[in-house]
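S.K.: This is what each chain is made of:
Protein chains: 2
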Amino acid sequence: MKRILISALVLLLAGWSMAAADNEDGSRLWLRLDNANATATITGVKGTAMTELQTYWQGGPVVLKRQKGMGQDGYTIKSQGGKTLITAANDAGLLYGAYHLLRLQQTGQSCEGLDIKEQPAYDLRILNHWDNPNGTVERGFAGKSIFLNPDPVRMKTYARANASIGINGTVLNNVNASPQALSTESLQKAKGIADQLRPYGIRVYLSINFASPIKLGGLKTADPLNAEVISWWKDKVNEIYRLIPDFGGFLVKANSEGEPGPQDFGRTHADGANMLAEVLRPHKGIVMWRAFVYAPQSNDRANQAYLEFMPLDGQFADNVIIQIKNGPIDFQPREPYSPLFTAMQKTPMMVEFQITQEYLGAANHLVYLAPMWKEFFSFVKPASLKAMAGVANIGDDINWCGHHFAQANWYAFGRLAWNPQLSSKEIAEEWLTQTFSLQGNNKSEMLSVMLDSREACVSYMMPLGIHHIFAGTHHYGPEPWYAPKGVRADWTPPYYHKADAVGLGFDRTTTGSGNVKQYPETLCQLYNDINSCPENLLTWFHHVPWDYRMKSGRTFWDELCHKYDEGVHATRRFLAVWDAMQPYVDSQRFNEVQHKLRIQARDAEWWRDACLLYFQTFSHRPIPQDVEHPVHNLDEMMQFKIRIGMYENPESGYTK
Amino acid sequence: MKRILISALVLLLAGWSMAAADNEDGSRLWLRLDNANATATITGVKGTAMTELQTYWQGGPVVLKRQKGMGQDGYTIKSQGGKTLITAANDAGLLYGAYHLLRLQQTGQSCEGLDIKEQPAYDLRILNHWDNPNGTVERGFAGKSIFLNPDPVRMKTYARANASIGINGTVLNNVNASPQALSTESLQKAKGIADQLRPYGIRVYLSINFASPIKLGGLKTADPLNAEVISWWKDKVNEIYRLIPDFGGFLVKANSEGEPGPQDFGRTHADGANMLAEVLRPHKGIVMWRAFVYAPQSNDRANQAYLEFMPLDGQFADNVIIQIKNGPIDFQPREPYSPLFTAMQKTPMMVEFQITQEYLGAANHLVYLAPMWKEFFSFVKPASLKAMAGVANIGDDINWCGHHFAQANWYAFGRLAWNPQLSSKEIAEEWLTQTFSLQGNNKSEMLSVMLDSREACVSYMMPLGIHHIFAGTHHYGPEPWYAPKGVRADWTPPYYHKADAVGLGFDRTTTGSGNVKQYPETLCQLYNDINSCPENLLTWFHHVPWDYRMKSGRTFWDELCHKYDEGVHATRRFLAVWDAMQPYVDSQRFNEVQHKLRIQARDAEWWRDACLLYFQTFSHRPIPQDVEHPVHNLDEMMQFKIRIGMYENPESGYTK
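If you read the protein sequences in the order shown, they are chains A and B.
Each residue of the first sequence is one higher than the last, beginning at 0 in numbering that gives the first Met the number 0.
Each residue of the second sequence is one higher than the last, beginning at 0 in numbering that gives the first Met the number 0.
If we strip away everything but chain A, and leave its shape as in the complex, we get (with noise of 0.2 Å):
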């Protein structure tokens, strides 16, 4: 009797158990310290770190104490005998520090003997949200805009998941930016935002549109050294300082795919974003100002952000950073670094990553970005920088990112902004382990599948260096074919490829369109001879001939197929190492996550088959026969579209 009273309440226990684990939808990101068994005492400085250690911390007592000395936003952790202390020059490094703990208690490591000192690489961390006022989210996939109408639950977990991983500072608004983000209404709401979010040391900037002072003033020029422009603009950021005595400053996309600018009253990037950065400077305001600009009529796009911006080297205002992408086109699977980072000298500069997967599949692919990151590091000293920005992939979809594994691009952002000497594994490692709970070998397939996901990407869509050749309204699928009649070249992807009868590529070595030469001399050289180009940009760099004979001993074409066949065989792998997970993972992520990358083997495949058989009709070669032969037909694709927008997340890939 007794031993059935037992079992049953171990039944019961267990069902419980499983039940609450059942119940996982993704809202509580990688924070999912349960509140309930909270013990411990905090004493010390009052503010957010004692709150959220005295909610969630299940240790010994903690001391909070603030020390002068210590350099902006890092914090010491020293524990012995139980017993913990967190140091820190201000709040936010006490709430830094504080999470730190609690992330070493969620991921099971001891917190007994710790002697920690941290100090972040940036003192500026920053998301950019491209987020319309209507509520979109431009290349956002996970539903809309959390700022419309903003959850005050939501956004302290938006609050908290930032400061966890030591963001501090994010743009309300897409660079895209409509006049009405500066209007009185507008920055109410934005003053709301910063409200909520001042408690975890986030602060807020805004994206704005260098047309205001005509579009939103009423005034016939906004050209910035026009004096009533410029009083206009100190009107303006007064009355953003009276709602949001903290605010960030403002970031700008400026003549640059028809957003206005100073060139159109005649003036530099230099002279706009030197105005704003006075304007902006007694409030101890900065200016990120984009370097993403292009024109049509160029030889090559990839050498123009440099063209326009390194005659400009040493003409901005020192609270002026210039935010320049990673590479120097628009933030594809692989590119090469922008060579503005290592060419300009007298100018502060900040990289902006993309953590939403315009490019990589959207919501839908499992791409783990950190590497791609991390890759960008191994040739732009971190050193060299001023900031970072990270364009969010975060929505009001219940999981926040579309993808749960997304999520992880987020935390992997944070962090590397922190520390961009951690390593993709060991980032992926805290994550998977705080997020998903995966143990042992489960937890080592599921980091390798993370960590081989990226170039997996680069395989299925554009091996070898090749980029842009995405579909014409959207980027999701591929459209290497893609080049209706009036379209500007540098928006079709045969701008990009290049393919012919030769071969597959754009020459951009001293004797094409030169870009090698925007790169240091080393490089230069290693890049310009095709022989000691690395073959993942091969084809960026050079026009390479289908019979051209790679390091594997396959010609070009055929390494070709086996990158692209390599790439969908491990989607493949991939969905296999999630399904043996079901055991181990809460049902609905797990299904949710299951369905995600059965998509993504299919996108694998569609674009193993597009390219491959639209890049033959000019190869004239065949499909080696150690490869999977293409199981679509290149007609039928061709007339396939994805009916979607720059704000939507497709249903499913190629459906014919």
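Hints in this document: simulated from the structure, not taken from any laboratory.
Computed from a prediction, not measured in an experiment: that's the story for all the values here.
Accuracy of the hints is not assured; some may be wrong.
Taking beta-carbon pairs under 7 Å as the criterion, some of the chain B residues facing chain A (in silico) [claimed, not checked]:
1. 237
2. 266
3. 597
4. 600
5. 630
Here are the simulated lysine-lysine pairs, DSS-like style, with alpha carbons at most 25 Å apart [as the list claims (entries may be wrong)]:
6. 345(B) / 516(B)
7. 45(B) / 116(B)
8. 77(B) / 640(A)
9. 77(B) / 116(B)
10. 640(B) / 655(A)
11. 235(B) / 219(B)
12. 640(A) / 655(B)
13. 190(B) / 235(B)
14. 345(A) / 283(A)
15. 655(A) / 655(B)
Coverage of chain B stretches by chain A, computed from C-beta distances (three or more under 8 Å per stretch; other residues unrestricted) [claimed, not checked]:
16. 566-575
17. 578-584
18. 616-625
A virtual CB, placed ideally from N, CA and C, is assigned to each residue, including glycine.
Start from chain A and add chain B according to the hints.
M.R.: Frame of chain A, contents of chain B only:
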């Protein structure tokens, strides 16, 4: 100058011959000898044999000689010193001899020193067309009926193709027969066709509606023992023979799937068949009476033909042949043979094979059926049968059969009806050499594709004895879950697969439906014991536990997963092999076959994923890691529908 001229000439000729080769559209079937090169002198018996040889034979003189004492349709061929003699008892025999000779020539074999004697295994080698009066073809996937508006050129090719492989009879209309098939207008049309086919030794037959005396004749009954009814049939038959003096007889589907029959009037199949037989007897006509019967109330559809026909064994007139489908259910990818074949001892029987791929991927899948028919003959002695019928896969598509490789099934049916001892490989090689002119390794590769294709189809559709889990509204794709309320159970897949928490399969053992008892004792024992039952029929005869240990050492569930996946991989191999044929095959046929093989590869995935994911909801076991995991979602697959009727070939398979 001379060399240039020669080179130009070579190029010109090469260009011309390539253009010629590229002109192939499959309309010539396997009859691809060029009539421009005929050279020979043909003497002896005038007729079609002579005409064919005069038109196509490219060798020395041939003498055609009539010789008594030989069996019907048999022939001898003797050749020496460049001269050839063909002898036969009748014109048809001479024609078959002529085609034999032409086949040797077309397949590049020596025609010198021949000493051939051939005699067909069956006097009646007959196609069943399921063509409707409105031109649709039931389960036809190659366009409309060729008999709707018979084109003389097409009719001639049809006749030549049939005669070239020994087919000597054709039932012009659907077994689900319209009473109008016997209207004077229809008979006039049949006469026209008969006149066109007669020179090629082909007789026409008609399917009849048993209620014709009522529906066409205006009588109050179709009771076969009623004098008025008998009289009506006599008149009708006389009318037919006035038009078509060599009319073959009737094919009857009675009391089956809603068709009228003698049981509607309290009579037996024997009563009905014998009445018609007596009416036809003076004209030497025959009755082919189908044994395809089953009622919804039975506990096992597989039992029913036996139960209904065995009591009538010995009661049929001698010009009645019972036409029995090869398996006891309905043309599944794999069935055991119908036990009637070994049970009935006193009744003439013929087998009905289905050439059209109702259940084998329609005209989209490459499935060479000779191995399936040979499998049947490994259980049923050819000599125990009187005749062979095949449900045609012919329509007005330019290539006749929808899929170029489906022509091979028409071909194989004819060759096996002539000689069931021929191997699948011999027939495939004959056909492939004639139809695609492939040589050496290419031929071997494609032969292996053909020979493996039926087992591959079984694997990706219904391995290990699974049967009839097709979609409710078509028999193309999978719907193992299809079971809407109100649909008779034996028209839904769960009736057949019986998946549950224990396992999968239909228990037809002595303790189940008892179906095994319809087989001879040795087979009964073999099938009855799960441990001796051949694994390729395991779930046909047993409800197999998911963890049952297979000969491979795997559990049944794991084996099932492997089988499905093997099927998928086989289709990919077929595609890769075909792709390598591109330089050796004319472009139109190459592209059309490639397109179909791509569909097949995708459909195989559809089958695998739908079946494994659905059965997994019962097995609750993981897909093994060494198997490719499903890339579709079950819920989405269950919502997917192909909107086609019984008369259409689907454009593609799963598209979601």
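S.K.: None of the hints should be skipped; say for each whether it holds.
M.R.: So, going through the hints one by one against the coordinates:
no.	hint	result
1	237	violated (55 Å)
2	266	violated (54 Å)
3	597	holds (5 Å)
4	600	holds (4 Å)
5	630	holds (4 Å)
6	345(B) / 516(B)	holds (20 Å)
7	45(B) / 116(B)	holds (21 Å)
8	77(B) / 640(A)	violated (64 Å)
9	77(B) / 116(B)	holds (9 Å)
10	640(B) / 655(A)	holds (13 Å)
11	235(B) / 219(B)	holds (17 Å)
12	640(A) / 655(B)	holds (13 Å)
13	190(B) / 235(B)	holds (14 Å)
14	345(A) / 283(A)	holds (21 Å)
15	655(A) / 655(B)	holds (7 Å)
16	566-575	holds (count 3)
17	578-584	holds (count 3)
18	616-625	holds (count 3)
Of the numbered hints stated above, those contradicted by the structure are hints 1, 2 and 8, listed in ascending order.
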